[in-house]
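Participant: Spelled out from the first residue to the last, the chains are:
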Amino acid sequence: MPSQTSQQELTTKGYTEAMRDALGEEMRRDPSVVVFGEGIGPRGGNWGETTGLYDEFGPERVIDTPISELGFTGMGIGAAMRGLRPVVNLMFVDFFGEAMSQIMNQAAKWHYVSGGQVSVPVVFWAVMGSGNYAGAHHSGCLYPLFMHIAGLKVVTPATPADGKGLLKSAIRDDNPVVFLAHRMLWDFQGPVPDGELLTPLGEARVVRSGTDVTVVAIAQMVHEAARAAKALAEEGISVELIDPRTLVPLDVETILASVHKTGRLVIVDEAYARCSAAAEISALVAQEGFKWLRAPIRRLETLPIPHPVAAPLEEAMLPNAAKVVQAVHDVMQAG
Amino acid sequence: MPSQTSQQELTTKGYTEAMRDALGEEMRRDPSVVVFGEGIGPRGGNWGETTGLYDEFGPERVIDTPISELGFTGMGIGAAMRGLRPVVNLMFVDFFGEAMSQIMNQAAKWHYVSGGQVSVPVVFWAVMGSGNYAGAHHSGCLYPLFMHIAGLKVVTPATPADGKGLLKSAIRDDNPVVFLAHRMLWDFQGPVPDGELLTPLGEARVVRSGTDVTVVAIAQMVHEAARAAKALAEEGISVELIDPRTLVPLDVETILASVHKTGRLVIVDEAYARCSAAAEISALVAQEGFKWLRAPIRRLETLPIPHPVAAPLEEAMLPNAAKVVQAVHDVMQAG
Amino acid sequence: MEASKQLLLDLYGQMLLIRRFEEHVRKMARSGALAGFPHAYVGEEAVAVGVCAHLDENDAVFSTHRGHGHALAMGCEPRRLLAELLGKASGYCGGRGGSMHVSAVEKGFMGCNGIVAANMPLAVGAGLSARLNQDGTVAVSFFGDGASNHGAFHESLNLASKLMLPVLFVCENNQYATHTSFESVTANTDVASRAAAYAMPGVAIDGNDVEAVWQAAGEAVGRARDGEGPTLLECRTYRTVGHHEHGPVYGEYRTKEEVDAWRERCPIEQLRGRLLGEDPELTAQFARLEQEVAEVVAEAAEFAEHSPYPKPSVREEQAYA
Amino acid sequence: MEASKQLLLDLYGQMLLIRRFEEHVRKMARSGALAGFPHAYVGEEAVAVGVCAHLDENDAVFSTHRGHGHALAMGCEPRRLLAELLGKASGYCGGRGGSMHVSAVEKGFMGCNGIVAANMPLAVGAGLSARLNQDGTVAVSFFGDGASNHGAFHESLNLASKLMLPVLFVCENNQYATHTSFESVTANTDVASRAAAYAMPGVAIDGNDVEAVWQAAGEAVGRARDGEGPTLLECRTYRTVGHHEHGPVYGEYRTKEEVDAWRERCPIEQLRGRLLGEDPELTAQFARLEQEVAEVVAEAAEFAEHSPYPKPSVREEQAYA
Ligand SMILES: Cc1ncc(C[n+]2csc(CCOP(=O)(O)OP(=O)(O)O)c2C)c(N)n1
Ligand SMILES: Cc1ncc(C[n+]2csc(CCOP(=O)(O)OP(=O)(O)O)c2C)c(N)n1
Ligand SMILES: [Mg+2]
Ligand SMILES: [Mg+2]
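Chains as they are written, first to last, in my numbering: chain A, 1 to 335; chain B, 1 to 335; chain C, 1 to 321; chain D, 1 to 321.
Hints may contain errors.
[Unchecked claim] Sample of chain D residues at the chain C side, in silico, Cβ under 8 Å:
#1 Gly151
#2 Glu155
#3 Ser161
#4 Lys162
#5 Tyr176
#6 Asn188
#7 Ala197
#8 Tyr198
#9 Ala199
#10 Met200
[Said to hold, decoys possible] Distance condition first, Cα-Cα at most 27 Å in a straight line; then the derived DSSO-like pairs of lysine-lysine:
#11 A/Lys230 with A/Lys323
#12 A/Lys323 with B/Lys261
#13 A/Lys323 with A/Lys261
#14 B/Lys261 with A/Lys291
#15 B/Lys323 with A/Lys261
#16 B/Lys323 with B/Lys230
#17 A/Lys323 with C/Lys311
#18 B/Lys323 with D/Lys256
#19 D/Lys256 with D/Lys27
#20 A/Lys230 with B/Lys323
#21 B/Lys291 with A/Lys261
[Said to hold, decoys possible] Some chain D residues close to chain A (C-beta under 8 Å, calculated; not the full set):
#22 His101
#23 Ser103
#24 Pro121
#25 Gly125
#26 Ala126
#27 Leu128
#28 Asn158
#29 Leu159
#30 His246
#31 Pro248
#32 Val249
#33 Gly251
#34 Thr255
#35 Gln318
If you're looking for bench data, these hints aren't it; they were derived computationally from the structure. Built from N, CA and C at the ideal position, the CB exists for glycine as well.
With the rest of the complex left out, here is chain A (with noise of 0.2 Å):
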């Protein structure tokens, strides 16, 4: 649960939705919230992530741009520099290639290398990751070249709370924040607190208190570890599941003091393995949680090679509960 929620009536949301009501509510309260993209004005964006937004708040502030990734995130990034904050939909992740050089070289640098005379608040979000057979160009996660990338945040909500909670503090932060939407929780529902929402970067959400082992998953892969926990329960093995919600900035202390409780770590990543996410997270935890570890750390990803159509292909590719399953189990045989 979002931290400031204690208090707030809940109500059921989708995912898609929730995200839509955070972006309504910051433009409602913030007149340099503007947003652009491919086909996010009448549209209403791919998946209906702007419904309304045209026609509440004009095109002015709601702008169709032409197909044309590096120019109109270059526009957000000068745009943020002079004073907006703007929220650029690149739609899918694999499109950041096309904007790479501004992302990396404009975005993540102004506000350092200016000694601070410039902030950069701008927000890139887009829809990743796979599991709809969409193939090659469709289907990556890629937020490991964002965490690379110094100056950048990186954001990864796993429920319709945190896609609310997430975005609006993602469109307050001053810097530039990458905000990935998982495309298989697109009508997920899940209960949103009423009202406003701000869910701090950098805090991790513990899904699940446990103590023989300790799992880390995200985005998506959350649903999935939530599901092998619950069947590693009735088997009587305790799982800790944690969900990191932003990998930049990451709270290693919570993953640390679950390490610390449970001696084993089981890291669920969606995407590749090599210089990923859960690369990082292992590298954290054999450096500064090395002493309380009883077993190796356990990595999980989708296996290195461009995501093919076919069903059993692309299935066979990803983690998924029964693999989580499966590595909870070696890493409680091994120490």
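Since chain A is already given, all that's left is putting chains B, C and D with the ligands on it; use the hints.
Facilitator: Below, chains B, C and D with the ligands alone, put in the same frame as chain A:
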């Protein structure tokens, strides 16, 4: 020493010169090898890396391009799909951002996605690295981005011999290879075997054998680590220094075998820490070599800030021999 | 250059095959039998067919997300194409590519592409290879009006023009990119006129008139093969179906009237009408053609549906060459 | 619009300051006192000065790797600029930016840029902000001939034109990108003519004639402030020094004769000659100006050289806002 060279005579050569030799030899051997990029024609490249090639092979095979990184990188990929073996010179790795779409969505994917119908034998060559007060747009290492993307190979030579032997292998490889030479080694002289030299991708080099601690270092950091190892030897600490040379494929076996022997691991990586090569190596060892570890795995990396121009700031953000010595002391004390 | 009646009948048959193939794909997509979001080529058949008539398997066609028409026009087998769309092992790519990434290199079909505008630099590269090898082949990039606003357009046209490469840039201007009208996001919508910025010939043609496309493409391909460099061809056309099969055909972003008006200008019906006007005897032949095409599509459907999926065990084969 | 004598004298003074500042930078770079590869603006002063005369600190200037001239023309203090180039704590960015990344936001100088063409989309964004805030400011992107071949040019001009943003795209066509001649890699070298591809006015002017630049820029800035959208200004000029200070001025890629011919057309000397022709009495004033500028540069050098470096302890400050 590269494996095939035990019988060969050695000549002292510069790092740049060795890579230029490699390219020239491959162009002479195989008419499908072409090179293009900005200023690589009559100018001979930003560092002289193509000096003489234009005169020898002419404008059909040594092509000066406009400042169109996306376009000419894609041109290299398309040409590779049709049977050429282009070496695309992107000058600085920082400029890969311009061409990221083509590298990550086209070059990396076509072989697998086509079911093996095409291959993409292209080399993306550039200089990387800090140490020259060049600032935020000309100092990146960025290899972790390319390591993360499935389908690419990644090469980081630290010596003239490896510059030559690995570049020749990269050109003959049927996959897209990101080949990054370090700016600070530009004039570095070292022994290079005369004649044919094909250093396999995926074979680490044990720079120095030792028994107390394994140090894995990449590119320019190999030299800092070697200095540290020498200093440590005088104190009686025996360092085994490993240069992976290629980060994809990574020679995990050599690293694991060393950790098996020493029980301690320090990784020296000039790239930013998060989701880095060091993170990956740490995670691999924390999973596969956990049982041999006596101490926390220690990463030494560049601080996560854009590169400042001021000398004291840049120096403070980089790993160096003194920091390696300190890190080795730490892990020796820890276990 | 005028097309013979035989040629026109041949082009007609190819357009019909594309149309019927796409109708089958649409049906499967809407029923859920085909996963994902296939982008049908309905209404634009004249472009692929008119251009590809000048090409063979030695040439290199780089296609888009809306590429089944290009594949068929290059002679791909409907059965292996459909199998690929379904992710089957018998598909051209063993089920890895699917609709947006299918390639059939043996046919000169270098692949659909899920990234808009990305095929333009690839085609330039194929042109470079052709020039270097002096092999007389040409490279073709098909792309949409939407793609013409991407930086890759600018860089590719300049490169191809300056290097005088045998490349055709074929803009399929169907006036929309998803639900965004070209005119609403584009300062200069006359794509052909932009060729001047690259000192390249630019030709605008009626993309629903297969003979016009065939003529213009013939000239451009001829120039390319003769070493006279690239051409930008703007084919003005319309997709009379939705952007993909899970979106609306009209409403929201365009009117029923607009779609209907373009349906009236159907490239297939137009050609049929014209040929029948010239020779009413053709009725029987058209009926036969219709029958043949239906059989080909039915056979392809049968084949594709009954083909097995690839085994999970092959998932990492060809990870590297 | 004609420039008054007083204005011309003022522009002259600014050009002279840039020239003398750059000469000092060049000397320091070649002696090793200044690390890195500064790109001097020598020969092109009329462009920055003629354009920036219409701007103030509320406007937004996005500059290039060759940006000291733009910074000075926007009123940056030579001492803080030079300190920044040396990586000193008293520089505009506390020594983090250096030559290729210095910014002085209080002066409307949004920064040099180490990535060619990257500033164009940024300027479009500043234009968007201006339009939304109705604040009457304009955004300027300076860029080279080389940058005009980058996809960012295409996307930015289309965006700015379609959205009718108050942006000036100022191409400093000095005919070379490092050692590559524009003509050798460009299909259409008439940059101004390419504005047509974006339905935008394009104007080519003599970039060594500060009055001509001032006039054309004045019109463009006026149109932008009046909500009439962007303009592409191509200023034809020449850098009479090397690409940077560790490369040759001539030889290899251009002849001494070519450089000498352009030196004859020095924007500063030309203006001086013209003003002296109109009023020979100005000799004394020119001498005074020369003296004043020399003092400013000497003082800046003194200040910069004696400023301390930033302390390593501040290295992570402002990592995030
Ligand atoms: C670089 C990139 N940006 C956005 C998309 C999402 N997208 C897929 S098709 C499409 C519209 C393309 O329009 P156009 O080029 O006119 O082709 P059409 O669909 O009309 O044939 C868009 C925006 C993409 N696939 N790639
Ligand atoms: C995207 C990118 N590509 C290449 C470079 C390397 N580079 C720096 S300056 C330069 C030449 C730029 O030429 P032009 O735009 O004409 O500006 P000029 O130097 O002539 O003022 C090049 C290629 C770069 N900095 N950024
Ligand atoms: Mg279209
Ligand atoms: Mg230039």
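Participant: All hints, please: hold or fail.
Facilitator: Taking the hints in turn, this is what the structure says about them:
1. Below 8 Å, beta-carbon pairs count as interface contacts, and D/Gly151 has one with chain C at about 2 Å; its hint therefore holds.
2. Annotation: interface hint on D/Glu155 holds; nearest CB of chain C at approximately 5 Å, less than 8 Å.
3. For D/Ser161, the suggested interface contact is upheld, since its CB lies about 4 Å from the closest CB of chain C, less than 8 Å.
4. Taken as an interface hint, D/Lys162 checks out: its beta carbon lies about 5 Å from the nearest beta carbon of chain C, inside 8 Å.
5. For D/Tyr176, the shortest C-beta to C-beta distance to chain C is roughly 16 Å, which exceeds 8 Å, and the interface hint is violated.
6. Given the 8 Å rule on beta carbons, the hint for D/Asn188 holds: about 4 Å separates it from the nearest Cβ of chain C.
7. The criterion of a C-beta within 8 Å of any C-beta in chain C is met by D/Ala197, whose closest approach is roughly 4 Å, and the hint holds.
8. Taking 8 Å as the C-beta contact cut-off toward chain C, the hint placing D/Tyr198 at the interface holds, the least distance being around 5 Å.
9. Using the Cβ-Cβ criterion of 8 Å, the hint placing D/Ala199 at the interface with chain C is satisfied: the shortest such distance is roughly 4 Å.
10. At a threshold of 8 Å, the smallest CB-CB gap from D/Met200 to chain C is about 7 Å, leaving the interface hint in force.
11. Distance restraint check for A/Lys230 and A/Lys323: the Cα-Cα separation of roughly 14 Å lies within the 27 Å cut-off, and the hinted pair is therefore satisfied.
12. Between the alpha carbons of A/Lys323 and B/Lys261 the distance comes to roughly 32 Å, so the proposed pair goes past 27 Å and is violated.
13. Using a Cα cut-off of 27 Å, the hinted pair A/Lys323 and A/Lys261 holds, with the two alpha carbons roughly 23 Å apart.
14. Using a Cα cut-off of 27 Å, the hinted pair B/Lys261 and A/Lys291 holds, with the two alpha carbons roughly 20 Å apart.
15. For the hint linking B/Lys323 to A/Lys261, the alpha-carbon distance of about 32 Å lies beyond 27 Å, and the restraint is violated.
16. With a C-alpha separation of about 14 Å, the suggested pairing of B/Lys323 with B/Lys230 holds against the 27 Å cut-off.
17. The straight-line distance between the Cα atoms of A/Lys323 and C/Lys311 is roughly 19 Å, inside the 27 Å bound, and the hint therefore holds.
18. For the given pair, B/Lys323 sits about 50 Å from D/Lys256 by alpha-carbon distance, which is inconsistent with the 27 Å threshold.
19. A hinted pair counts as satisfied when its Cα atoms are at most 27 Å apart, and D/Lys256 with D/Lys27 qualifies at roughly 21 Å.
20. Only pairs whose Cα atoms come within 27 Å are accepted, and A/Lys230 paired with B/Lys323 is rejected, the gap being roughly 46 Å.
21. Straight-line distance between C-alpha atoms of B/Lys291 and A/Lys261 comes to about 20 Å, which keeps the hinted pair within the 27 Å bound.
22. Of the supplied interface hints, the one on D/His101 holds, with its beta-carbon coming within about 5 Å of a beta-carbon of chain A, less than 8 Å.
23. Hint on D/Ser103 holds. Least Cβ distance to chain A is approximately 5 Å, under the 8 Å limit.
24. Contact between D/Pro121 and chain A, as hinted, is supported at the beta carbon level, the nearest pair being about 2 Å apart and thus within 8 Å.
25. Hint status for D/Gly125: holds, given a least beta-carbon distance of 2 Å to chain A, under 8 Å.
26. With its C-beta approaching chain A no nearer than about 5 Å, D/Ala126 sits inside the 8 Å limit, and its interface hint holds.
27. For D/Leu128, the interface hint holds, since its Cβ comes within 8 Å of a Cβ in chain A; the closest pair sits about 5 Å apart.
28. With its C-beta approaching chain A no nearer than about 6 Å, D/Asn158 sits inside the 8 Å limit, and its interface hint holds.
29. The closest approach between the C-beta of D/Leu159 and any C-beta of chain A is roughly 5 Å, which is under the 8 Å cut-off, so the hint is satisfied.
30. For D/His246, the interface hint is violated, since its Cβ never comes within 8 Å of a Cβ in chain A; the closest pair sits about 23 Å apart.
31. Look at D/Pro248: its Cβ only gets to about 28 Å from chain A, farther than 8 Å, so that hint breaks.
32. This hint is violated: D/Val249 has a C-beta 29 Å from the nearest C-beta of chain A, more than the 8 Å allowed.
33. A least Cβ separation of about 32 Å between D/Gly251 and chain A goes past the 8 Å threshold, and the interface hint is therefore violated.
34. The interface hint given for D/Thr255 is broken, as the beta carbon of that residue sits about 35 Å from the closest beta carbon of chain A, more than 8 Å.
35. At a threshold of 8 Å, the smallest CB-CB gap from D/Gln318 to chain A is about 4 Å, leaving the interface hint in force.
Violated hints, listed in ascending order, are 5, 12, 15, 18, 20, 30, 31, 32, 33, 34; each of the other numbered hints is respected by the structure.
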